[in-house]
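Enquirer: Read off the chains here:
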Amino acid sequence: MGEPAIRVEGLRFSYGSLEALRGISFEVAPGEILGFLGPNGAGKSTTIKILTGQLAPGSGRAEVLGRAVAPDDPVLQARIGVCFEEKNLYDAMSGRENLRFFGRLFGIRDLDADGLLAKVGLAERGRDPVSKYSKGMRQRLMMARALVNTPQVLFLDEPTDGLDPVSSRAIRTLIRGEVERGAAVLLTTHDMFEADELSDRVAFINEGRIHAIDTPENLKLQHGRRAVKVRYRQSGSVTEESVPLDAPDAGERLRAAAGHPGLMTIHTEEATLESIFVEITGRALAG
Amino acid sequence: MSRPVSRWAVVGAIVRKDLLEYGRDRLWVLLTVLVLVVVITLFWVLPAGVEGSVHLGVAGLPDPGEALGGEGLVVVPFASTDELRRVVAGEAEAWLTPAGALVRDPGASEPPPPGAERVSISLGIAFPEGFPEVSEPGRATVYVDAGVPEEMTGALAGLVREVGYRAADVPLPVQVPDGLYVVLGEDRGGEEPSAREGFRPLFVFMTLMMELFAMASLIAKEIHERTVVAVLVTPATVGDVLAAKGIAGAASGFVQAVILLAAINSLSANPGLLLCLLALGALLVAGTAMLAGSSGRDFMSTLFWGMLFMVPLLVPALAALFPGTAAAWVRLLPSYPLVRGLVEVQSSGAGWADTLPELGLLAAWAAGLFGAGWLVLRRRVRSA
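Sequences listed follow chains F and S, in order. Just so you know, we're using my numbering here: the first sequence kicks off at 12 and counts up by one. Just so you know, we're using my numbering here: the second sequence kicks off at 67 and counts up by one.
Do not rely on the hints blindly, as some may be mistaken.
To be verified - Quick list of simulated restraints, FRET-style, between CB atoms:
#, chain 1, residue 1, chain 2, residue 2, range
1, F, Arg33, S, Pro70, 34 to 42 Å
2, S, Ser334, F, Glu97, 49 to 57 Å
3, F, Lys146, S, Leu441, 34 to 42 Å
4, S, Ser72, F, Glu191, 26 to 34 Å
5, F, Ser145, S, Ser260, 56 to 64 Å
6, S, Ala430, F, Glu30, 42 to 50 Å
7, F, Val177, S, Ala329, 51 to 59 Å
8, S, Ile325, F, Glu30, 51 to 59 Å
9, S, Trp110, F, Glu97, 43 to 51 Å
10, F, Ala134, S, Phe365, 33 to 41 Å
11, F, Ser145, S, Leu97, 26 to 34 Å
12, S, Leu441, F, Leu29, 24 to 32 Å
13, S, Phe365, F, Glu97, 17 to 25 Å
14, S, Gly437, F, Val177, 51 to 59 Å
Note that these hints are calculated values from the structure, not bench results. Don't be surprised by glycine CBs; every beta carbon is placed ideally from N, CA and C.
Hey, can you work out the whole structure from these sequences and the hints?
Expert: Structure follows, in structure tokens:
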């Protein structure tokens, strides 16, 4: 594996007496998506603020593309893209004007704003002022803005928040496209399905500490149960039975369940990322 | 990857964006145009000259024009005290002829003599018979119309005493204490500035004030809506953002002030010096806009902070309306050298050398306020 796009080691940060980050460490490789999962106040936004140069790091090491991060570093900021959770767009300007303005900040005079707008499904509304956009349209424009400079590292803070399922799928496809191009992505989300579907690895962060970091599959294997839940109707009532896959008679019991005349459903009892998060941190994600 | 971007390109992009946003804000565009139109119209409606002449009727004094005439005072000799009394009381009308006042009944049918000018006499002095040859002057009577203010009556009484002393060749025992007043521009000792001249600095300030509010509002909005954060995660630095705000604010204020002066035909006297004064004034106002914009959170709070900063700056421009009435502390206000410079150049024809102290002081104030605005806004942007 080559040089990581993001490298964080023992990073600490405090807002006065409040310790927001308590020595977190992780890496994101080029072409990889790391899902950053944690409840509000866990330290996700502080980490992104430090890595994008909005906050000066406290102690520890934080590097993006081999450069120590610091506020006001135009060289580094020319190579990253950020999609904020808040919809901080210029309302009086059109979607096209917003993109062109940000293009000029990156030194791009001939930005294909229409192409970018088409990518996020806003081709028809590019000339309208952003004040007339719906929440979902604003979110898509935020995503397009993050891609203006074809960044090598993308920081995405709740990129599908407030979007309808179709738009969310389009954004996820767009993110995958960026990763295929070789971009590294640090993604924060509350949507467990999204994290599971998109992330190559996920990091569970709570109270300024990373509690676990691994692929979703590994986490599920480590923390979930290898079992199958069988539901069937018998003597007028519904019966539910859990069949551990590691049990010696597992094959025989599954065959019996499959041949049962009242069989209704068979489900795997795979753990969800949310349940694993609660198990590891003792705290719900929504909190 | 995108090409490396120069600082000037970044600052230029932000300035263009700021001006575009300003142009899209209907409220500020409307107010800016409205203020310019109102101010320019007002200027041309105001009288260009000084209407300072007062007609004073005099009876019982031989050759009264020589004894009493002066700047702004037209002496109208009357043949008798009774005629003077009737005219001041409105019972008769007076026509000025080379020979003196011709008194006629209000409803007289015969036409006035050719060349005669109808005059309104609301003040009159009737000297005692035989004055000034008599060894002991008797009582002089002052006739005033009911609408004449009390101060004017007092002044006339003083004038009578002065004539008495002059006739007796005795110097007047009158002293005017000095050092109490600040006179903006040249103290022209009675040569009153016209209303247009007096209002000119105030009009310039009104356009700059609009700019202050508009710029402060845009800055507050950018911070409050956190669009500035989106800008700061690009190659744009905090310094670029602040420089762009300063340039956009100062440039729009400067351009509007220049448009105003051009429209009221006031750029002809030493235009280079005037432009320099306006540029420094616009910089001063841009710094103030940064302070107000950093303090405000919404339209109303920005308006409040803008007023708080702007009202003291307006005082010297208001004082210029009434030369000689401003207190000494007005000299300490940052906008004083700007107003004084404008008055000196436009009303007294002062040049670069004459206004060097004002230019220096204004540059120092502009740098100070711009610096303060920069520091406060930088802190605010960093914490956005």
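Enquirer: Now tell me if each hint is right for this structure.
Expert: Hint by hint, here is what the structure shows:
no.: 1; hint: F/Arg33 / S/Pro70: 34 to 42 Å; in the structure: holds, 37 Å
no.: 2; hint: S/Ser334 / F/Glu97: 49 to 57 Å; in the structure: holds, 52 Å
no.: 3; hint: F/Lys146 / S/Leu441: 34 to 42 Å; in the structure: holds, 37 Å
no.: 4; hint: S/Ser72 / F/Glu191: 26 to 34 Å; in the structure: holds, 33 Å
no.: 5; hint: F/Ser145 / S/Ser260: 56 to 64 Å; in the structure: holds, 59 Å
no.: 6; hint: S/Ala430 / F/Glu30: 42 to 50 Å; in the structure: holds, 46 Å
no.: 7; hint: F/Val177 / S/Ala329: 51 to 59 Å; in the structure: holds, 56 Å
no.: 8; hint: S/Ile325 / F/Glu30: 51 to 59 Å; in the structure: holds, 56 Å
no.: 9; hint: S/Trp110 / F/Glu97: 43 to 51 Å; in the structure: holds, 49 Å
no.: 10; hint: F/Ala134 / S/Phe365: 33 to 41 Å; in the structure: holds, 34 Å
no.: 11; hint: F/Ser145 / S/Leu97: 26 to 34 Å; in the structure: holds, 31 Å
no.: 12; hint: S/Leu441 / F/Leu29: 24 to 32 Å; in the structure: holds, 26 Å
no.: 13; hint: S/Phe365 / F/Glu97: 17 to 25 Å; in the structure: holds, 20 Å
no.: 14; hint: S/Gly437 / F/Val177: 51 to 59 Å; in the structure: holds, 52 Å
Comparing the model with each numbered hint stated earlier shows that all of them hold.
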